[in-house]
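There are 2 protein chains.
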Amino acid sequence: MDELLQNPCRLFESRHFCDKYDIAKSSLSEDIRLINEILKDNGSGRIESIQGVGGGIRYIPGISAGRIRDLQAEMIEALSDTTRMLGGKYLYTSDIMFDGHICAEIARIFAQRFHSLGADYVVTVETKGMGIASHTAYMLGLPLVVIRREARYSEGSTVSINYFSGTDEHIQKMSIAKRAVRPGSKAIVIDDFMRGGGSLKGIQDILGEFDVETVGIGVALESRLPEKKKVSNYTSVLIIDEIDEDNKVISIRANEELYTN
Amino acid sequence: MDELLQNPCRLFESRHFCDKYDIAKSSLSEDIRLINEILKDNGSGRIESIQGVGGGIRYIPGISAGRIRDLQAEMIEALSDTTRMLGGKYLYTSDIMFDGHICAEIARIFAQRFHSLGADYVVTVETKGMGIASHTAYMLGLPLVVIRREARYSEGSTVSINYFSGTDEHIQKMSIAKRAVRPGSKAIVIDDFMRGGGSLKGIQDILGEFDVETVGIGVALESRLPEKKKVSNYTSVLIIDEIDEDNKVISIRANEELYTN
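Residue numbers (our numbering), protein chains in the order written: chain Z, 1 to 261; chain H, 1 to 261.
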């Protein structure tokens, strides 16, 4: 059943496993019960059985409240290191955003929240959110679409937009391959960081050009300020309250809504 | 034992699982034997037991020859679609390079080949190899370092080099954060595509500036021509023999060394 766990959110016909391992349907049910126990012990999600024609079994990844708390504590400890301060309220975060364990655990949070939204794609903009987005796409069993900063020849025909980035305080550009998305589809948008939400609004807008609806937004880090964001209905893992360069204090807290909701 | 499989290449003390699930060391051995059988059935690697002080157990990810062949066939079929031809011998490959299942399977190939090389990092250059690199880093339990095309403020102090890209036939730049790597360490370098190897040579050179040795190179696609590459000792998944635009033929084959060596 290793194959089932290695292909999250993918529906397999029960017959597939019965044939492959030459077992009866009744012992498959017993195997599923056992795997569900193991998954529950580790807080890793569950096997879902769908009855009837077109049914089968699939692995829905998850993450327990305890594991979310451990992840948040690990990230807060790493991010609170004041040598990360770069001036201008910037923090060096690349090592954290590309840490395999952190990416995989955050991907579980987003997969747990977004798996039932009927999305067709996971979308991010290069570069720093790509580790998390790539693992989230894998956990959701969905294609990953990467919006580029500059149109590249290897992307074929592209559509570009300009948008205002509050973080960088200037106009930025983003560009998406025409063949990357299908009009009328739905997307989950993932990024590493959100301050005012300008970049996420830009992603929503460029997807809107293809009639692609954004049905969920997940970010690893959210800045408390400005309070008014350009997008709503997003999920963050951590909230940065303040970066006080004079007193060398980085105030970061866990988003507790992740386990109370 | 789900935790063990979810943290590839990470060494756990046996006590960790005995304490967590309140089991005796003898039944842990029996559990490991059972998991090894399941992993073997699916060709997914093995649990390694290291005896003595500082020992423990860890999951070494792998992939069977059969699964490599299936993956290669899947990729060849997708890549042979002539609507991917962009002119100038370019192919549109972004959807394949960011496909979660393909990234995870390629990551297993590289993890299987490179896990014993004592590497400290997985390194790639933005953007198209990042899906594969991110999964490879996860499978090897190593940090991922992403070299940027342009130095970004959020990277802190950086070192940059210029290099000649045969693919684009002009000088390109790459830039790495000073705090991203530790001098004297070892790296596995991953990229999506290699023609002459200029970009990979550039990565080797910029890592060399930090006294970081490249101990392994993995690419998804290799162009047969030019025969003389700027780097040696690399592993590819597929080899592109020819892109014939006049006759609309894309000739791609599996790298058979992956299962014969």
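Note that these hints are calculated values from the structure, not bench results. Check each hint, because a few of them may be wrong.
Copies of the same chain are indistinguishable here, so a pair counts whether it falls within one copy or spans any two.
As the list claims (entries may be wrong) - For lysine-lysine, the following DSSO-like pairs were computed, each having C-alpha atoms within a straight-line distance of at most 30 Å:
1) Lys40 to Lys228
2) Lys40 to Lys173
3) Lys20 to Lys201
4) Lys25 to Lys229
5) Lys20 to Lys40
6) Lys89 to Lys230
7) Lys89 to Lys178
Remember, it's a predicted structure, so these values are computed and weren't measured experimentally.
What label fits lysine 40 with lysine 228 when the C-alpha limit is 30 Å: within, between, both, or neither?
neither (38 Å within a copy, 53 Å between copies)
Pop the pair lysine 40 and lysine 173 into one bin, within, between, both or neither, using alpha-carbon distances up to 30 Å.
neither (44 Å within a copy, 48 Å between copies)
Taking 30 Å as the upper bound on the Cα-Cα distance, should lysine 89 and lysine 230 be classified as within, between, both, or neither?
within (20 Å within a copy, 41 Å between copies)
Is it within, between, both or neither when you check lysine 20 against lysine 201 at 30 Å Cα-Cα?
neither (47 Å within a copy, 44 Å between copies)
Within, between, both or neither: how does the pair lysine 25, lysine 229 come out at a Cα-Cα threshold of 30 Å?
Neither. Shortest intra-copy (51 Å) and inter-copy (53 Å) distances fail the 30 Å Cα cut-off.
Regarding lysine 20 and lysine 40, is the shortest C-alpha distance of 30 Å or less found within a copy, between copies, in both, or in neither?
Both. Shortest intra-copy (25 Å) and inter-copy (13 Å) distances satisfy the 30 Å Cα cut-off.
Quick one: lysine 89 to lysine 178, C-alpha cut-off 30 Å, is that within a copy, between copies, both, or neither?
This pair counts as between: shortest inter-copy Cα distance 19 Å, intra-copy 36 Å.
In this structure, the earlier hints numbered 1, 2, 3, 4 are contradicted, and the remaining ones agree with it.
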